[in-house]
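Asker: The primary structure of each chain is shown beneath.
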Amino acid sequence: MASLELPARSSIGPSLGERLHGWTTTVDHKRLGLLYIGTALVFFLLAGLESTAMRAQLVRPESKLLSPEVYDRLFTMHGTTMIFLFGMPMLFGFGNYLVPLMIGARDLAFPRLNALGYWLFLFGGMILYFSYLGGEGVVGAGTAPSAGWFAYAPLTGHAFSRGHSIDYWILGLLVSGFGTLATAVNLATTLLTERCRGMSLRRMPIFAWMILVTSFLAIFALPPLTAAQIMLLFDRTLSAHFFDVLQGGSALLWQHLFWFFGHPEVYILVLPAFGFISEIVPVFSRKVIFGYSLMVAATVAIGFISFGVWAHHMFAVGLSAPLNAVFSGASFLIAVPTGIKVFNWLATMTGGRIRFATPMLFCIAFVAQFVFGGLTGVMLATVPFDWQVTDSYFVVAHFHYVLGGGTLFAVMAALYYWFPKMTGRMLSERLGRWHFWLFVVGFNLTFLPMHVSGLLGMPRRIYTYPAGLGWEPWNLAASAGVLLQAAGVVVLLVNIARALRSGEEAGPDPWDAWTLEWSTSSPPPPYNFAVRPEVSSRRPLWDRKHPEDPDGRHE
Amino acid sequence: MSETALSSGSACVQGQDFPLSRRQVGMLGLIASESAFFACFVVAYLLYIGRSRTGPYPDVLEVPYVATVCLLSSSATITLALRALREGRSRVFLVWWTLTVALGVAFLVGTALEWHRLIVREGLTISTNLFGTSFYSLVGFHAAHVTVGLLLLVTVAAIALRARVEPAHAERVEMVTWYWHFVDAVWVVVFTTVYWVGR
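Order-wise, the sequence lines are chains A and B. For the first sequence, our numbering begins at 1 and goes up steadily by one. For the second sequence, our numbering begins at 1 and goes up steadily by one.
Careful: at least some of the hints might be erroneous.
Here are a few chain A residues that face chain B, going by a calculated C-beta distance under 7 Å [to be verified]:
{"hint": "1", "residue": "G38"}
{"hint": "2", "residue": "V185"}
{"hint": "3", "residue": "T189"}
{"hint": "4", "residue": "L192"}
{"hint": "5", "residue": "S200"}
{"hint": "6", "residue": "I219"}
{"hint": "7", "residue": "H241"}
{"hint": "8", "residue": "F242"}
{"hint": "9", "residue": "G248"}
{"hint": "10", "residue": "L252"}
{"hint": "11", "residue": "L257"}
{"hint": "12", "residue": "G262"}
{"hint": "13", "residue": "G503"}
{"hint": "14", "residue": "P523"}
Calculated from the model, a selection of chain B residues having no Cβ within reach of chain A, i.e. all distances over 12 Å [stated by the list, open to error]:
{"hint": "15", "residue": "G26"}
{"hint": "16", "residue": "A36"}
{"hint": "17", "residue": "L47"}
{"hint": "18", "residue": "E122"}
{"hint": "19", "residue": "T125"}
{"hint": "20", "residue": "E174"}
{"hint": "21", "residue": "V189"}
{"hint": "22", "residue": "W196"}
FYI, nobody ran anything at the bench for these hints, they're computed from the structure. Beta carbons: idealized from backbone N, C-alpha and C, even for Gly.
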């Protein structure tokens, strides 16, 4: 064991140059995980600023704060950033950090590929944001992309999107997509082949299962986006005709390919969030997760069904009625496994000794808000209702409840829960509560009114609106909510900064938890475990703490 | 320490209950995603059959029998090469391996001649019409994958010439052969789509 100890540090510590060199050349999954999470937080702030600017524009009717062009760029960049540069990297960042620790491995299966994945993601993000500087090009036709995050053809064609803005969108996502794909293959391989002794698939923590299914989704869903983007790139740069209707091409092909990626993408963004909840809720309810096997089975079911529902994003396109019916039915179907999960979380909490610490608070809000977003999802899966509210603020409200009230809240729960493991310091519980309440109130104040303005007919993606249509109070409320959310983010940043400087020491297992990552020091050593663990149940730390009543007997 | 309490002291056998090694799973992951990628271009090709507004039309294509035979038989030679490597017959391995490279190059030469004829004689480029767009993208992406496969093959050959490639390296070499078989299988689909269904 002594041979595994790091060489003793000199009293001065590494210089800034050495530290920078260490972080840029690292292949350690924990450092790369932190790089992912940190970078994703930076992109989160950028996307937040973009949405704040949009809400400032919409606070009153006929506002002249932003021009239509600038507004279009803002919603395009906000959506693209939140999906590709915040959501996926944040979740894969946690996956990177936690998966090897949770399954008792020393690193991912391919550490260097892991580093490549991170740097490709960062490079892709920089390409996208460079469009603000370089997108003008020689033609002077606009800077950042402005065709929306799903970039429908033929709006993105050369005729309607002159200049290079769309090219930056394509290249940025193409490059970061390769990184995500590499990481997905890496994580799936790790989960299948690097588990420690005794860690059978049926004993993996639920989060590990979620990452496994997510990785498979990414492996099959990202290539169609890449293919569609390459077709678009060919159209734009080589004068090909994939989406050129005049030459017999089909604008609809873009929509099919994009949403064949886009809908599994929703589950790529939400399954790891389910994983966070499934890890945190049991620990703070002091109970085993209810229905482990059913939870895993429901996830796999969601994974499969998610590939068969893409056209529910295209009900308004005018597909045939039988096709609409099939996709509508499949979309209803997905509510079943999702409902199973929600009931499992509730059953886990029922009868538990619940500790209302910050991670648990975010989890509870997650369940409530995600169910709300799920219910509007069922409404939207009904074709006639979808026709009525498509492209309105109702849709905006729906997916923000799922991805904001859902995924984002789960990420916050995860941040508070695993921050002590990652840094060795506790985040302040008092500031955490401030953050939580500002976020819950702010989030719902922003997005709840959007249901109403949507039902009242307010279309999404308009840079301003006329007075007298009854939309003003709802927009005012939505914009006011943003202030509270922004304050919540500031509290979070202060909390992180204070914890890093002078936070309370966390120790290896501050939450009295049961999965393997809590068995090693906080932060874990580069090699994770001096001796690789061996497990005999789903809760190895429970077994260690309660040798008289090991879990294996009950599983 | 906590982690020692958890362990029974013995080193961990990796992935004891999973039948594939990490290299195999990694390569299968790559192949799966590449399959999804090609599927999109195949779907686009099938969707656009007969929708080109202007000529030249697919009847200008000539079925590349020779190139197809070359590529498909290279799957056999690479399998023989791998078997020779496993049996420790390095010279035989190198012979079969070089033959595989030659067959791959022959396939690319066939593609080059075909494209030269189509571009120069028939005036068909990627921007001519919808047929050109879908044809060059699908066949071109396949040819690009053959090229990548050839680079991998040549790398292994270069290593084999400079140092010894031993039976212990068989799994790494086998991964290259998996990729090569995949490229071959894609050609079967492309061939069916372009020269059979689409003509």
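Asker: Evaluate each hint against the coordinates.
Answerer: Here is how each hint holds up against the structure:
1. G38: Status violated, d = 27 Å.
2. V185: With a minimum Cβ separation of about 4 Å from chain B (threshold 7 Å), the hint on V185 (chain A) holds.
3. T189: With a closest approach of 4 Å, the T189 (chain A) hint holds.
4. L192: holds, 5 Å
5. S200: holds, 6 Å
6. I219: holds, 5 Å
7. H241: Result: holds, 5 Å to nearest chain B Cβ.
8. F242: With a closest approach of 6 Å, the F242 (chain A) hint holds.
9. G248: Holds. Min distance 4 Å.
10. L252: violated, 9 Å
11. L257: For L257 (chain A), the interface hint holds, since the closest Cβ of chain B sits about 6 Å away, which is under 7 Å.
12. G262: Hint violated; G262 (chain A) Cβ to chain B Cβ min 14 Å, cut 7 Å.
13. G503: Not OK, violated: G503 (chain A) not within 7 Å of chain B, min 21 Å.
14. P523: violated, 14 Å
15. G26: violated, 5 Å
16. A36: violated, 4 Å
17. L47: Answer for L47 (chain B): violated, closest chain A Cβ roughly 6 Å.
18. E122: holds, 17 Å
19. T125: violated, 9 Å
20. E174: With a cut-off of 12 Å, E174 (chain B) remains clear of chain A, as the shortest Cβ separation is near 16 Å.
21. V189: holds, 15 Å
22. W196: Holds, because the least Cβ-Cβ distance between W196 (chain B) and chain A comes to about 21 Å, which exceeds 12 Å.
When held up to the earlier numbered hints, the structure conflicts with 1, 10, 12, 13, 14, 15, 16, 17 and 19 and fits the remainder.
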